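Enquirer: Each chain, letter by letter, is given below.
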Amino acid sequence: MTAQLDAAARSLVFEYLLRLGDDRLVLGHRLSEWCGHAPILEEDIALANIALDLIGHANLLLTLAGATEGKGRDADALAYFREAVEYRNALLVELPKGDFAVTIVRQFFFSVFALHQWSALQGSAQADLAGIAAKALKETKYHVRHTAGWMLKLGDGTPESHARAQRAVDDLWRYTGELFLADDVDRAVSEQRLGVDPSQLAESWRAHVLDVLERATLTVPESAWMQRGGREGRHTEHLGHLLAEMQIVARSFPGASW
Amino acid sequence: MKAALLSRDDILRVLDEVMDPEVPVLSVVELGIVRDVVVQGQGVTVVITPTYSGCPAMRVIEEDIVAALAARGIDPVRIQTVYAPAWTTDWLGEGAKRKLEAYGIAPPGPVSSDHVVSITRRAAPARPRCPYCQSSDTEVRSEFGSTACKSICFCNACQQPFEQFKEI
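Respectively, the protein sequence lines represent chains X and S. According to my numbering, the residues represented by the first sequence are 1 to 258, in order. According to my numbering, the residues represented by the second sequence are 1 to 168, in order.
A few of these clues could be false.
Far from chain S, some chain X residues (derived; all Cβ distances over 12 Å) [unchecked claim]:
1. 9
2. 44
3. 81
4. 170
5. 171
6. 182
7. 221
8. 224
9. 227
10. 241
11. 249
Among the chain X residues that face chain S by a calculated CB cut under 10 Å, a handful are [unchecked claim]:
12. 39
13. 43
14. 52
15. 58
16. 130
17. 131
18. 136
19. 138
20. 145
Here are the in silico distance ranges between beta carbons for each label pair [claimed, not checked]:
21. 37/X - 45/S: 41 to 49 Å
22. 35/X - 110/S: 31 to 39 Å
23. 110/S - 76/X: 33 to 41 Å
24. 94/S - 158/X: 44 to 52 Å
25. 85/S - 96/X: 34 to 42 Å
26. 103/S - 177/X: 26 to 34 Å
27. 94/S - 222/X: 53 to 61 Å
28. 79/S - 37/X: 45 to 53 Å
It is worth saying that the hints were derived from the structure and are not from the lab. Here the structure is a predicted model, which means the values were calculated and not measured. Backbone N, C-alpha and C fix where the C-beta goes; we use that ideal spot for every residue, glycine too.
Using the sequences and the accompanying hints, generate a full structural model.
Expert: Encoded structure:
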C-alpha cells in the first residue's frame, strides 16, 4: 500500500503518522515517570503497563512513518534524533505528570480519545495502519476502563480526592480542544480514507467523557478557550526537558546497541 | 542435516518446542504467535504476530525461533511480523488453557466482542477460577500485572494471590 502512494500523499501520511506516534511516545514517556513512585504497588504496575502499551503503539506508528517517508529513518531515528520543534504531539500529553489526579485525568481524556480514534482507524485504506489500529484498540479498552474507574473513585471519593480531581479537570480541559483540530493534512488523509479527521471524533469523545465526569460528580469549565500549537511544533517548555532526558543516551552514544 | 528435508509440519513441530520466555509452559505455536511458516529452498520465513504492542518478550521470542531452527541446520531464517488479524487469547486451545492452569495461571475466558467499555469502580466483574484450589470465590485486584498479558487476582477461599492470563 505504502509503495503505491505518490510523493505528495507520502508526505501527508508521514506527517499524519508523526502526530499519532508522537502523542503516544510523549505520553508513554511521561507516564513511565511514575514507575517506582505510584501511590500503591498495583497502580505502579498498571501505569507502567499502560506506558509500555503506549510506547509499543508509538514504535509501530513511527516505524510505519519512517517507511512511508522512505528516507531510511526507523522509529529510533524519529524518536531520538528530532528536536522539540519537529515533534507533532498535542500539548496535553507533554505537560508534567503533576499529582496522581492530574495523571489520571489526563490519561482518561487521552484514552477515550485514542479509543475513538483507533476504532475509526480500523477502516483505514492503509492496511498496516488498519492492522495496528485493530490491535491497539483492544489494549486501549483496558486503559479506558482503568482510568475511568479511577475518575469515579477520585471524583466521587473523599473531599480531598474530589478537589484534586476537579482542579485537574479545570487545568487540563483547555488542552483537550487541540486533539480535535483538523488542518489540511487531516482533511487530505481523511478524504483518501487513509486517516481520520480528528474533528469528527469530538462529539463522541465529549459524550463519553461527560458521562463519566457526571457520574464522578465532576464538572467541566465554562470557558471555551482552548490552547493549541503542538501539531505545528510550537510546544510548551516542558517538552524540551522531557526530550533531553529521553534522548540523552542515544545522542551521547550514537549507534550504540545493548 | 539437509534443511530441505524439513517440511512445514516438521518446522512447526520444532517451533512447538520454543517456549514463551514469560510463560514457559506454552510454546509460541500454542500461543498463536506463529501465524505461518513458508519454506523457500534451504531457508524458511516464519510469520509471527505480537501478543501486545509493547511486549518486551517479542525480541527474545524472535531470537529463540531463529536459534531453534538454526540448530536444525536451517539457514536463513527470516522473521516476518504481521499485525492483522490482531492477536487474541481466543486462539489458545483447551490444551493450552489446561497447561496454564496447571502452571498456576488462571486461563483467559472468552473475549467479549462488546465494543462498549463498561465502567465500574472495581475492576472487571469476571471471576476467574483459582488455579490452586479451583474456587470461584475470587476477585480481580488489578487488570494490569507482572506482564502485559496478566492480571492480578486474589482467592478468598485459599487466601492466595494468583495471576490470570487476561482476555484480549
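Enquirer: Could you run down the list of hints and mark each one as holding or not?
Expert: Results of checking the hints against the structure:
Every C-beta of chain S lies more than 12 Å from that of residue 9/X, the closest at about 21 Å, which supports listing it as non-interface. Chain S draws residue 44/X into its interface by the beta-carbon criterion, the shortest separation being 10 Å against a cut-off of 12 Å. At roughly 21 Å, the least C-beta separation between residue 81/X and chain S is larger than 12 Å, which holds for a residue marked as non-interface. With a least beta-carbon separation of about 22 Å from chain S, residue 170/X lies farther than 12 Å from that chain, consistent with its non-interface assignment.
No Cβ of chain S approaches the Cβ of residue 171/X within 12 Å, the least distance being about 23 Å, so the stated non-interface status holds. Residue 182/X, annotated as away from the interface, keeps every beta carbon of chain S farther than 12 Å; the closest lies near 24 Å. Residue 221/X, annotated as away from the interface, keeps every beta carbon of chain S farther than 12 Å; the closest lies near 23 Å. Every Cβ of chain S is farther than 12 Å from the Cβ of residue 224/X; the closest lies at roughly 27 Å, confirming the non-interface assignment.
The beta carbon of residue 227/X is kept farther than 12 Å from every beta carbon of chain S, the shortest such distance being approximately 27 Å. Listed as outside the interface, residue 241/X is consistent with that label: its C-beta sits roughly 24 Å from the nearest C-beta of chain S, beyond the 12 Å cut-off. Its beta-carbon lying about 17 Å from the closest one in chain S, residue 249/X satisfies the requirement of being farther than 12 Å from that chain. Hint status for residue 39/X relative to chain S: violated, with the closest Cβ pair at about 13 Å, above 10 Å.
Hint status for residue 43/X relative to chain S: holds, with the closest Cβ pair at about 8 Å, below 10 Å. This hint holds: residue 52/X has a C-beta 4 Å from the nearest C-beta of chain S, less than the 10 Å allowed. Contact between residue 58/X and chain S, as hinted, is supported at the beta carbon level, the nearest pair being about 9 Å apart and thus within 10 Å. Of the supplied interface hints, the one on residue 130/X holds, with its beta-carbon coming within about 7 Å of a beta-carbon of chain S, less than 10 Å.
Because the closest C-beta pair between residue 131/X and chain S is about 3 Å apart, less than 10 Å, the hint holds. About 6 Å separates the beta-carbon of residue 136/X from the nearest beta-carbon of chain S, less than 10 Å, and the hint is met. Evaluation of the residue 138/X hint against chain S yields a held restraint, the C-beta minimum of about 5 Å falling below 10 Å. Annotation: residue 145/X was flagged as interfacial toward chain S, and the flag holds, the nearest CB pair being 5 Å apart, inside 10 Å.
Distance hint check: the CB atoms of residue 37/X and residue 45/S are about 44 Å apart, consistent with the given range 41 to 49 Å. A hinted range of 31 to 39 Å holds for the C-beta pair residue 35/X and residue 110/S, which are about 33 Å apart. Checked against the given bound of 33 to 41 Å, the beta carbons of residue 110/S and residue 76/X, roughly 38 Å apart, stay inside it. Between residue 94/S and residue 158/X the C-beta distance comes to about 46 Å, which sits within the given range of 44 to 52 Å.
A hinted range of 34 to 42 Å for the beta carbons of residue 85/S and residue 96/X is consistent with their spacing of about 39 Å. For residue 103/S paired with residue 177/X, a C-beta distance near 49 Å fails the hint of 26 to 34 Å. Under the hint 53 to 61 Å, the C-beta atoms of residue 94/S and residue 222/X, about 56 Å apart, fit the expected range. The supplied range of 45 to 53 Å is broken by residue 79/S and residue 37/X, whose beta-carbon atoms lie about 37 Å from each other.
Consistency note: the structure conflicts with the earlier hints numbered 2, 12, 26, 28.
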